[in-house]
Amino acid sequence: MLLDDGRFDEWIHLFDENARYSITTRENLAQKNPIGILSCDDARMLRDRVAALRDANIYEPHHYNHLNSIPVLVDEALDQQWRTNFLVHRIMERGETMLFASGYYLDTFTSGTPSLQFLSRKVVLDSSAIDTLLVIPL
Amino acid sequence: MLLDDGRFDEWIHLFDENARYSITTRENLAQKNPIGILSCDDARMLRDRVAALRDANIYEPHHYNHLNSIPVLVDEALDQQWRTNFLVHRIMERGETMLFASGYYLDTFTSGTPSLQFLSRKVVLDSSAIDTLLVIPL
Amino acid sequence: MLLDDGRFDEWIHLFDENARYSITTRENLAQKNPIGILSCDDARMLRDRVAALRDANIYEPHHYNHLNSIPVLVDEALDQQWRTNFLVHRIMERGETMLFASGYYLDTFTSGTPSLQFLSRKVVLDSSAIDTLLVIPL
Chain A
456 MLLDDGRFDE WIHLFDENAR YSITTRENLA QKNPIGILSC DDARMLRDRV
506 AALRDANIYE PHHYNHLNSI PVLVDEALDQ QWRTNFLVHR IMERGETMLF
556 ASGYYLDTFT SGTPSLQFLS RKVVLDSSAI DTLLVIPL
Chain B
456 MLLDDGRFDE WIHLFDENAR YSITTRENLA QKNPIGILSC DDARMLRDRV
506 AALRDANIYE PHHYNHLNSI PVLVDEALDQ QWRTNFLVHR IMERGETMLF
556 ASGYYLDTFT SGTPSLQFLS RKVVLDSSAI DTLLVIPL
Chain C
456 MLLDDGRFDE WIHLFDENAR YSITTRENLA QKNPIGILSC DDARMLRDRV
506 AALRDANIYE PHHYNHLNSI PVLVDEALDQ QWRTNFLVHR IMERGETMLF
556 ASGYYLDTFT SGTPSLQFLS RKVVLDSSAI DTLLVIPL
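One line per chain: the protein sequences are A, B and C, in this order. All residue numbers for the first sequence refer to our numbering, where the first residue is 456 and numbers rise by one. All residue numbers for the second sequence refer to our numbering, where the first residue is 456 and numbers rise by one. All residue numbers for the third sequence refer to our numbering, where the first residue is 456 and numbers rise by one.
What the hints contain is simulated information worked out from the structure, not anything from laboratory work. This one's a predicted model, so the numbers in the text were calculated from it and none came from an experiment. Among the hints, erroneous ones may be present.
The list treats identical chains as one, so a pair stands whether inside a single copy or across any two.
What the hints assert, rightly or not - Simulated pairs of lysine to any residue, SDA-like, Cα-Cα distance not exceeding 20 angstroms: (1) K577 <-> L457; (2) K487 <-> E551; (3) K577 <-> H521; (4) K577 <-> M456; (5) K487 <-> M500; (6) K487 <-> G461; (7) K487 <-> R462; (8) K487 <-> H468; (9) K577 <-> C495; (10) K577 <-> I492; (11) K487 <-> M553; (12) K487 <-> V527.
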């Protein structure tokens, strides 16, 4: 919801200083291909990414609508990894709305259970045919 | 789900007698424009609105599918205000399905936490390009 | 999520041996028409169905994205029946994504409340205009 509102600074505060954030695709993951679409090793890299986004700011105004399912614990061994399916719709300034991305999050949290501080978030996109201009983080 | 089933009387019973119900857009809200798409000051106005809908009843048969995210507490000060993202798809009689509206609810409840009685529900639409014939409440 | 990943054997293990699984439409249900799209009387029939699917395996590769709402208790008398709205998007191999089905689940569980073992799952589709080639279970 913070991303939907363009409140990027608050969104970054959801991440631990050492948190990893990455975006990849189902296909890359299945092929154990380490090269994803985006990879930030810690919150500092994520802040740089968001600052660049704000400075560039040349894109047509739009915002997102994130709809998430209930998180499900998928791996107790792996730092309590949780999975959440998502749909992201994009709404352009003139009102056209389209499905922008679908997929799932794989998350770990500092407290072990879903809470306000991410230790890692991996965004796994369903489709490899994603608009490469991933303007706003997912 | 009550709206999806056309069970409007039961839906109205989810609202306290003094509950406010309104529909506005992100744009209106950002501009602090008080004029929204619909505003009912209490449950009586909402009942009138739904009765008018049932009497008019001239529209092509259709129903909705509401998909809501988990409610998140967004303002502890403001009577415990909760936010829930939604997608509403509309299914016409012959089966065509389309995204009809997306946005979020801002809700307060008589008990403070999400429960069966609304003290207020504000529907904030993502897009201003909404079909003005908002036949069924959102 | 198991269906989204094609992990059908694990999905079947979510069902009690005596569990019923059926797919019908809102229209059939409203007309109390017992003939649905699919009906499995127990887990054995469901396994057969999934095995046939795997052997046939002639369809264009694709996968699903299920997005479910929070389950709501709709009937306390009826073995504690729970309802969950869903949207299923289908992602083809080349990346095109489309809304494939919307509707709701009516579920009962061996423990009475939402948990890992279904006693019954009825899939109620919003639209009767569903692709009859329901390759993957919903």
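Results for each hint:
Both within a single protomer and between protomers do K577 and L457 lie at most 20 angstroms apart by alpha-carbon distance, with minima of 18 angstroms and 18 angstroms respectively. Taking the shortest alpha-carbon separations for K487 and E551, neither the intra-copy value of 36 angstroms nor the inter-copy value of 22 angstroms comes in at or below 20 angstroms. Taking the shortest Cα distances, K577 and H521 sit within 20 angstroms of each other both inside one copy (16 angstroms) and across copies (18 angstroms). Taking the shortest alpha-carbon separations for K577 and M456, both the intra-copy value of 18 angstroms and the inter-copy value of 16 angstroms come in at or below 20 angstroms.
For a Cα distance limit of 20 angstroms, the shortest separation of K487 from M500 qualifies neither inside one copy, at 23 angstroms, nor across copies, at 35 angstroms. Taking identical chains as interchangeable, the C-alpha atoms of K487 and G461 lie at most 20 angstroms apart only when they sit on different chains, with a minimum of 17 angstroms there against 33 angstroms within one chain. In this assembly of identical chains, K487 and R462 lie within 20 angstroms of each other by CA distance solely across copies; the values are 18 angstroms between and 33 angstroms within a copy. For the identical chains of this complex, K487 and H468 are neighbours neither inside a copy (30 angstroms) nor across copies (27 angstroms), given an alpha-carbon limit of 20 angstroms.
Taking identical chains as interchangeable, the C-alpha atoms of K577 and C495 lie at most 20 angstroms apart only when both belong to the same chain, with a minimum of 10 angstroms there against 37 angstroms between chains. For the identical chains of this complex, K577 and I492 are intra-copy neighbours only, at 11 angstroms inside a copy versus 37 angstroms across copies, given an alpha-carbon limit of 20 angstroms. In this assembly of identical chains, K487 and M553 lie within 20 angstroms of each other by CA distance neither inside one copy nor across copies; the values are 30 angstroms within and 26 angstroms between. Taking identical chains as interchangeable, the C-alpha atoms of K487 and V527 are never at most 20 angstroms apart, the minima being 23 angstroms within one chain and 35 angstroms between chains.
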